[in-house]
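Following the hints, put chains S, W and F in place on chain V, whose structure we already have.
Number of protein chains: 4
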Amino acid sequence: MTQLDPARRTQVFQALRAQHIETPSWAYGNSGTRFKVFAQAGIPRTPYEKIDDAATVHQLTGVAPSVAIHIPWDQVDDYAALARYATDRGIRIGAINPNLFQEDDYRLGSLCHPDPSVRRKATDHLLECIEIGQLTGSDVLSVWVPDGTNYAGQDSITGRQDRLHDALREAYDRMPASMRLLLEYKFFEPHFYSMDVPDWGTSFAHCLRLGEQAQVLVDTGHHAPGTNIEFIVATLLREGKLGGFHFNSRNYADDDLMVGAADPFQLFRILNEIVAADALAAEANVAFMLDQCHNLEPKIPAMIRSVLNVQEATAKALLVDRDALRTAQRDGDVLGAHAVLMDAFNTDVRPLLAELRADAGLDPDPIAAYHRSGYQQRIEAERVGGSAMGWGA
Amino acid sequence: MTQLDPARRTQVFQALRAQHIETPSWAYGNSGTRFKVFAQAGIPRTPYEKIDDAATVHQLTGVAPSVAIHIPWDQVDDYAALARYATDRGIRIGAINPNLFQEDDYRLGSLCHPDPSVRRKATDHLLECIEIGQLTGSDVLSVWVPDGTNYAGQDSITGRQDRLHDALREAYDRMPASMRLLLEYKFFEPHFYSMDVPDWGTSFAHCLRLGEQAQVLVDTGHHAPGTNIEFIVATLLREGKLGGFHFNSRNYADDDLMVGAADPFQLFRILNEIVAADALAAEANVAFMLDQCHNLEPKIPAMIRSVLNVQEATAKALLVDRDALRTAQRDGDVLGAHAVLMDAFNTDVRPLLAELRADAGLDPDPIAAYHRSGYQQRIEAERVGGSAMGWGA
Amino acid sequence: MTQLDPARRTQVFQALRAQHIETPSWAYGNSGTRFKVFAQAGIPRTPYEKIDDAATVHQLTGVAPSVAIHIPWDQVDDYAALARYATDRGIRIGAINPNLFQEDDYRLGSLCHPDPSVRRKATDHLLECIEIGQLTGSDVLSVWVPDGTNYAGQDSITGRQDRLHDALREAYDRMPASMRLLLEYKFFEPHFYSMDVPDWGTSFAHCLRLGEQAQVLVDTGHHAPGTNIEFIVATLLREGKLGGFHFNSRNYADDDLMVGAADPFQLFRILNEIVAADALAAEANVAFMLDQCHNLEPKIPAMIRSVLNVQEATAKALLVDRDALRTAQRDGDVLGAHAVLMDAFNTDVRPLLAELRADAGLDPDPIAAYHRSGYQQRIEAERVGGSAMGWGA
Amino acid sequence: MTQLDPARRTQVFQALRAQHIETPSWAYGNSGTRFKVFAQAGIPRTPYEKIDDAATVHQLTGVAPSVAIHIPWDQVDDYAALARYATDRGIRIGAINPNLFQEDDYRLGSLCHPDPSVRRKATDHLLECIEIGQLTGSDVLSVWVPDGTNYAGQDSITGRQDRLHDALREAYDRMPASMRLLLEYKFFEPHFYSMDVPDWGTSFAHCLRLGEQAQVLVDTGHHAPGTNIEFIVATLLREGKLGGFHFNSRNYADDDLMVGAADPFQLFRILNEIVAADALAAEANVAFMLDQCHNLEPKIPAMIRSVLNVQEATAKALLVDRDALRTAQRDGDVLGAHAVLMDAFNTDVRPLLAELRADAGLDPDPIAAYHRSGYQQRIEAERVGGSAMGWGA
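Same order as they appear, the protein sequences are chains V, S, W and F.
Going from the first sequence to the working numbering is simple: count from 1 and add 11.
Going from the second sequence to the working numbering is simple: count from 1 and add 11.
Going from the third sequence to the working numbering is simple: count from 1 and add 11.
Going from the fourth sequence to the working numbering is simple: count from 1 and add 11.
Where hints are given, some of them may not hold.
Because identical chains cannot be distinguished in the list, a pair is counted as satisfied if it fits within a single copy or across any two copies.
Said to hold, decoys possible - Within a straight-line C-alpha distance of at most 25 Å, the following computed SDA-like cross-link-like pairs (lysine to any residue) qualify:
#  : residue 1 : residue 2
1  : Lys47     : Pro83
2  : Lys47     : Gly401
3  : Lys132    : Gly170
4  : Lys252    : Ala26
5  : Lys47     : Thr57
6  : Lys47     : Asp135
7  : Lys47     : Asp344
8  : Lys47     : Ser128
9  : Lys132    : Thr44
10 : Lys252    : Thr169
11 : Lys132    : Arg118
12 : Lys252    : Arg333
13 : Lys132    : Phe49
These are computed hints drawn from the structure, not numbers from a lab.
Just chain V, same shape as in the assembly:
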């Protein structure tokens, strides 16, 4: 079993302290399926209240110091004020997420729509988000293109790619040098015949054409059944094109469950590639972001749980004995190499992480601490009147 000598322990703790996991503002609001959105009590009614929730998650976990926002869901009059509000609560605004799916005009697409006036509108929204990012001090524009078609023949696959390139090019050229455009891909939904950016290959090809500030965003729920996601992660790292993650977990489609809940071993394997490539550190510029929908479970504890799941997987990845692994791999020792990995995965890292938190003055059990804190009761009592935020709100 893996035992940590003091030097290694220090190293592991340092790596874990450096990790930043960004939570998404929209996951604090109500969400659901096409069948039903179940409303919960205490849901934020304003972007400010979402920031309060995100700050709470950070206070308890110590590793979630930023919050991604979604425009127009998080539209405010004064973005600099929003950013200051965040800073005052100990976090900052992270990625800016344009919304390209909730306008009536977007029935047949946004950036890829056959009508140039709709494309103009969608492209302008990207430009607006770049501006917002500059106001909030964000350095990531996180672009999910929800465009696609439902029927073969509905539109020209190639024509849509051309339109997509033109729109992205315009946005890319407008970005300041400090900003990156992360282009997300998705296998299907909301369209069911073709998506305009269905896989990492398509995103990669677009990013190559755009330039160095464009990178691929991997949402762990956006793949075909059976896809080896850690292979994609390793390949993109090797190409210098891994921009970041939208973490969540899935059993079937884009289920948007809590990351690590459906397949904790997969999450570990992904983090293992990150650690193997030394891409955990801030310098590697890989954004670790959550993107989830807590349809049934309470939002804030679910978010804490998710942050902890990423942290636990990371800790396990850091425990992998890299020298032993390399040796076994070089020697073609199939079982030996696999065993090195499994040894780390099978280790219970919760005591280690409890220590890490105690060292940092945090409660060793952030979920229990949340339940004891009275925060949930407070928001349920205070957040009445107004309208709860949610998808589309």
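Same frame as chain V, now just chains S, W and F:
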């Protein structure tokens, strides 16, 4: 190529004339994904207007003489009056579809909910739907149990099965002898870890326990990737447990696209099993129902297209040379047997169906006829004010 | 974190000591894909040498006291002698596995073949295996029907089901009262359009018709992508029709990797349903069998690893706090119930199992013990000349 | 329904006459699954006899003028003589396919193997194949890298990519300017955790680094479930990186069934993208190659059927009314655009193709002509003694 002698032609025409395809009231309303419902013009504002649309589809196609309803979406004060309204327009009310997913109480399930009071409410809704069916003269209670869980451990799989059985038993025992309970299964959505009726085996096991009036409902979009649906159809027919279909098509999940749009060959293979088992006729008691969501395309022409797609697949299945097929199969002639099937599939049956319609005094091209009819313009002009019906409306 | 008080520890140890995991004789021989079988050194050349290997796995793990055999791969002149040979080495012969796929006659099927003379031959093979089982004292006839078709139309789906039933009926009626027929299902391969027993529902329907001694065999690698296997396990247990498992793991198809290697959390969830239904004990009559192909890795250590993986998953399942789980489930506490399960899964049970082994006089680390034992060097030295056994040998 | 005016008919006929479909030498030999290779009568015993069979397919169809070879399966002493043998029979040698999977050394990979000496051997084989291609006048080196791993941790994903690049670079640099390296990708099999070239994105990234003579090879059976293949085709065409196809069809995995047998609509959609991009003509340099395994059915008629299936799909694609399609797409007419495509697909093109063949002096029904020709009887009588060729032979 398949040529029809007059005797065979008569036989094929008779079979086609006997076919009944039921359209769903809810598909005339607005629908969408969790990301967006795109509203269309001319959408029905009442159950009566949905019946108008369904009647229009029947007038043009001649093979869609009934409409399924969804409770409470199609709730009215006087169901007998609704049934008369349908009859006056040349159609009738078909299956009654209880809604077990849109109450706030159903967050953790309906018939399988851990709380007995929620189960009571859901079971009462089934009983109410049986009553409505008696008032409308419907003989099918079409039960989709949208229950399930999102996380391993969330609830007891076995406990939920027990609860499900109890609720179905109570409803089953309340049904009149003329009514059938069709139990639909679904692979996933709206739940993403487990569904309480995920596959035909589970539905079959429940139906066996319930009794002869319980049968399995096959929704063509509710299977795992790669599932051979015609095998399930043949197996259920052999067991006397095929209650009917919810037709639609899919590429990925429960996409609810127009039937036959994603894989016309699959639709043909399914109808081929129906024809092979002589289960097309009314006596076979197999309900051919559509269940689709026209998110992007106009509803009524999409419904006509769907009815025609089923009809075309049926015509092709009727053209299969059964004697030649049997002989080739018996002789182990792999390519020969496959070729018999493909010969029918590759035949263009549209001229034949145009004749069939002309014989019946219908326009040979129902879609063109719809566009010429002015119906769409009329409903767009008339159906203003009130609120358009849709999922959840 | 889960801590065990002495009473609970005793209970867990008892349950673990009672667990029997059967290894398959064929997995000690060479195997591969259609592209290549890579030969290894030290491979058994006779059924007796396979038993030696199986006995070695049992000696080291203490929980693998039987070995399944495959006929005709393990054909010998004197089966009673083979059984005695096993007993002398501390194990016994387990399930008898008929081979219905390696005769030239079986190109179009075995029990389902269109030609009655081929069906006769295949059925006779089942009868022969029943006899062998009586000679070896085996109480399980493990039937995998590899039949199916590659092209739509190739044969009648229904006709093949009828033939299958007739053949199984004849075999079933010949079995002694002490024997069970376990009917395995498989999604696809070696046929690629239809399999004659593709899913648990089909196996279940056949078993119901056959009688109480027929039960379903779940091979964990034989499902459609995304299938929730533990749901099937729970459902079959509830119906009294779970006969046993063929354990292995998969990422894509029937990959036949070491159980627990691809998704350890899934293995845990399956064992969790077993433990929850109190079906671990011998009285429950659930056969825990491995069925794997070690294409790349050395056979015996891979088998030990697999046995340990099942044991570790079982230990974790035994650690689940059932009372806490029930309470959280009853209260609709989604996160709480899930956390109870995950708490057990996240526990490192290796120290516990090391103790269990030490208590039983075994080496706490069976893999290290194997490598130290010199067994591998010995068989590599001794097993030269003769022909190594393998698929088809 | 689609009617062809004389000018359009001429155009369609010209396009169809220009189409070349390459058949694979290995598909004339025996093949099977890992469970069983069923031998057939009349199977070639030498590469020359395979060429005889390929020439027969071309004589009957008129559109299969080349045959791909596989080294070392088609190893001969004098490749120039083999090429002349082909020319004498009216066809030519097409793509050279290196075999990187059937050496004992390749257990852990070939070009990606951890041991440099194995990589050297595999790379040398590529160089040998380039030489053979120069001798046979082939301009395509068709590289399938069957490398991968079965267990997480077994080897370094990134390390293997580096090794792969180095080997491909060496081969690429050795190719004459007239030759192209087509890099095939495959989702899984023969490895079940990771493949070293699992998807088009990976192949694309390697080809970009290699240079203009490297392009992606799309095998239609090598994708994750649900993958929209025509999207990939369109995207690669847009990037100038579509090298060609390995056509076959699948329901589950790499089933290698006859192309068009599992999903004829998919084949049509793929050809539709080819026609839409004007990539049917020889100048487009897209290689249309078959790669199939006729496990159950007789090889030569199966190959003829496959060639006809591609030809029928192509004919349908040529019938698509491009102007009407463009207009409907531009107008956002979802149903109208889809209907234009479906109109072509639903057309029975068999009479048209019969005419095309008659014009060319061919029998309108190549399959019937084959059966009448006596060729099958002749080879079954003549090809006795020697050993039938097959996978691994």
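At most 25 Å between C-alpha atoms: does Lys47 with Thr57 qualify within a copy, between copies, both, or neither?
Both, since 22 Å and 21 Å are each at most 25 Å.
Could you figure out if Lys132 and Thr44 sit no more than 25 Å apart (CA to CA) within one copy, between two copies, both or neither?
Classified as between: cross-chain Cα gap 22 Å, same-chain 27 Å, threshold 25 Å.
Status of Gly170 relative to Lys132 across identical chains (alpha carbons, at most 25 Å)
within (18 Å within a copy, 45 Å between copies)
My question is about Lys252 and Arg333: at a cut-off of 25 Å on alpha-carbon distance, are they close within one copy, between copies, both, or neither?
Within one copy, since 24 Å is at most 25 Å while 37 Å is not.
Same-copy or cross-copy closeness of Lys47 to Gly401 [CA-CA at most 25 Å]:
both (12 Å within a copy, 13 Å between copies)
As a check of your reading, is Lys47 near Asp135 (CA-CA no more than 25 Å) within one copy, between copies, both or neither?
For Lys47 and Asp135, the Cα distance is within 25 Å only across copies (20 Å; inside one copy 32 Å).
Quick one: Lys132 to Phe49, C-alpha cut-off 25 Å, is that within a copy, between copies, both, or neither?
between (32 Å within a copy, 17 Å between copies)
Homo-oligomer pair classification [Ser128, Lys47; C-alpha up to 25 Å]
between (33 Å within a copy, 20 Å between copies)
Between the shortest in-copy and the shortest cross-copy C-alpha distance, which are at most 25 Å for Lys47 and Pro83: within, between, both, or neither?
Result: close both inside a copy and across copies, 22 Å intra and 14 Å inter.
My question is about Lys132 and Arg118: at a cut-off of 25 Å on alpha-carbon distance, are they close within one copy, between copies, both, or neither?
Within. Shortest intra-copy distance 13 Å satisfies the 25 Å Cα cut-off; inter-copy 37 Å does not.
Since the copies are identical, ignore which copy is meant and state whether Lys252 and Ala26 lie within 25 Å (CA to CA) inside a copy, between copies, both or neither.
within (22 Å within a copy, 41 Å between copies)
At most 25 Å between CA atoms: does that hold for Lys252 and Thr169 within a copy, between copies, both, or neither?
both (23 Å within a copy, 14 Å between copies)
Violated hints are absent here; each numbered hint is respected by the structure.
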